[in-house]
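Peer 1: Chain by chain, the residues:
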Amino acid sequence: MVRELIVKDGHVLGVKTGMGLEIKAKSVVLTNGTFLNGIIHIGEKQFGGGRTGESAAKGITEQLISLGFEAGRMKTGTPPRVDGRSLDYSRMEIQYGDEQPEKFSYSDETKPLEKQHSCWITYTNKEVHETLETGFDRSPMFNGRIQGLGPRYCPSIEDKINRFSERERHQIFVEPEGWNTVEIYVNGFSTSLPEDVQYKAMRKIAGFEHAKMFRPGYAIEYDFFPPTQLKLTLETQLIENLYFAGQINGTTGYEEAASQGLIAGINAIRKVREEEAFILKRSEAYIGVLIDDLITKGTEEPYRMFTSRAEFRLLLRQDNADLRLTEKGYAIGLASHERYEAMNNKKKQTKRLIHDLTQKKVTPDEVNDKLTGIGTAEIREKITVDKLLKRPQLGLDAIATLTTDLADYLSKFSKEVREQAEIQVKYDSYIEKEQQMVEKINQMENFKIPMQFDYLAVPALSAEGKQKLHKIRPETLGQASRISGVSPADVSILTVYLGR
Amino acid sequence: MFSEYDVIVVGAGHAGCEAAHAAATMGGKVLLCTMNMNTIAQMSCNPAMGGVAKGQIVREIDALGGMSGIISDKSMIQFRMLNRSKGPAMWSPRTQNDRMRFAEEWRLDS
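Chains A and B, in that order, give the protein sequences. Start counting the first sequence at 1; every next residue gets the next number (this note's numbering). Start counting the second sequence at 1001; every next residue gets the next number (this note's numbering).
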């Protein structure tokens, strides 16, 4: 177990293990999750631990504080796990997977599922709530034993009852933990109430009358380091070549953690090789939004991603992440050549299809009967197919039914290319508007501020602006403008000062 | 063991595994330190990946050459595209996953 970092003259040089072994490295990425001084709470019981059954990590926080880092405390929690064989699914709503399931990866390495597992939905009720309330006096949340702030959007059941007392029921998602296990995850029932109360209350949920509990829910408190102490590469400002990623930065969620790990890993190796920093802009990726938010605004409570955090969400879609990012991944030696080729091919095919749709024309005689059948207005004169595609009632699948010629032509393109072309044609004007905004904003985003710039020596800056800029050390004018407490006037002054 | 590594990653959760995989794929000498080899890449909370905005992040990781998308695909037991009835900016892929296989795929694949 890593107990300590080897640090000299503001550089990290490796790690020291619990057994005293020193391992040298040019850079270190810390991704300690909930393990730093982790404390698990179940009712009045509390014990050190990073996850259930695993011990906490001690020493690293204390060392980082002695090196000048600011640390804080956060909390998260997890629900009980139950035996699926003890549940009555006939009392719940079944939730099937998609009829035509897709998948995450753009590569051919994986395939969509042919057979899927179902989940179920059930609800708490008044009786469940009343039973839970009998444990509130022994709740570590309500009697002040837990001090860390928990995730606002993933609250414990006792929090939900407390905050939304007018609600008579809360949704519970019953999620199997795998193909060959009877273990069930009771999503929506996260709790740190005493075990006996959890058990009694749970058994009052519809379908859970005879539930057997494998392990109780718990809350866990852990150390984090306010992420304003980092650069956009996730390297710390204080110690060179030391990087932080995941919950240690105050985020919650696997995806948020994984994406930070990716960016930290990329930048750690690039810096060792003296290559340029790899930073994604807010207009390029949700990952860019996530990291810019953390570094620029910090976070007081566990940070999770939402579409509303992105100002350019029409550009940051799940269908075009490859078109946005694979070239960048390929350029740094991470994405494979095949992936790069596949992305280029998709891009070319999409372009060709969109072009052809603006050339191909249909006449009223050919298509009006079909259009009426679909429930959309007839056409009066010959028009190009892209105009038809802009109608809300028509997708490319419907367009393929209009003429055999169109059906033949469209069948030459993959599902992904058709979907991409359809989205780009339908949302053309909105996408263009967002792109124009990005270009405007990029003038500020591309305007770099030297890391050593002395804000305190600029008398015209507001007192608060000066202080915040000095602390956060924005890397661009765009980033500076997003810091709370930095006024538009401060930004203009900076612009002049930096010799715009 | 090397006498000096390019990158040491401390912790083998979702962040640590992606960091180590990326640095190693890019040709670095990488050491991933964990307290317990048997509990790397745990889904310590819900057995699911993606969802609103998070699904977009998994797609982005995959597009850059990260592993979370592939691992999720290989261990999924259910797939749903959330918000299909809304515009494409809101479509969000989400998988329900086999928790044991998820961790196992990370151990074997990368």
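Hints are computed from structural coordinates only; laboratory data are not their basis. Since the structure is predicted, the reported quantities are computational estimates derived from the model, not experimental observations. Ideal Cβ placement from N, Cα and C applies to all residues, glycine included. It cannot be assumed that every hint is accurate.
Claimed, not checked - With a straight-line Cα cutoff of 25 Å, these simulated SDA-like cross-link-like pairs (lysine to any residue) come out:
hint, chain 1, residue 1, chain 2, residue 2
1, A, 200, B, 1029
2, B, 1029, A, 274
3, A, 281, B, 1029
4, A, 360, A, 377
5, A, 231, A, 360
6, B, 1086, A, 133
7, B, 1029, A, 21
8, B, 1086, A, 200
As the list claims (entries may be wrong) - Non-contacting residues of chain A with respect to chain B, defined by C-beta distances greater than 12 Å in every case (computed):
hint, residue
9, 92
10, 103
11, 142
12, 143
13, 165
14, 195
15, 319
16, 445
Peer 1: A separate judgement is required for each hint: does it hold in the structure or not?
Peer 2: Comparing the hints with the structure gives:
no.: 1; hint: 200/A <-> 1029/B; in the structure: violated, 52 Å
no.: 2; hint: 1029/B <-> 274/A; in the structure: holds, 15 Å
no.: 3; hint: 281/A <-> 1029/B; in the structure: violated, 28 Å
no.: 4; hint: 360/A <-> 377/A; in the structure: holds, 19 Å
no.: 5; hint: 231/A <-> 360/A; in the structure: violated, 51 Å
no.: 6; hint: 1086/B <-> 133/A; in the structure: violated, 38 Å
no.: 7; hint: 1029/B <-> 21/A; in the structure: holds, 19 Å
no.: 8; hint: 1086/B <-> 200/A; in the structure: violated, 40 Å
no.: 9; hint: 92; in the structure: holds, 15 Å
no.: 10; hint: 103; in the structure: violated, 5 Å
no.: 11; hint: 142; in the structure: holds, 22 Å
no.: 12; hint: 143; in the structure: holds, 24 Å
no.: 13; hint: 165; in the structure: holds, 26 Å
no.: 14; hint: 195; in the structure: holds, 19 Å
no.: 15; hint: 319; in the structure: violated, 6 Å
no.: 16; hint: 445; in the structure: holds, 18 Å
In summary, the numbered hints that this structure violates are 1, 3, 5, 6, 8, 10, 15.
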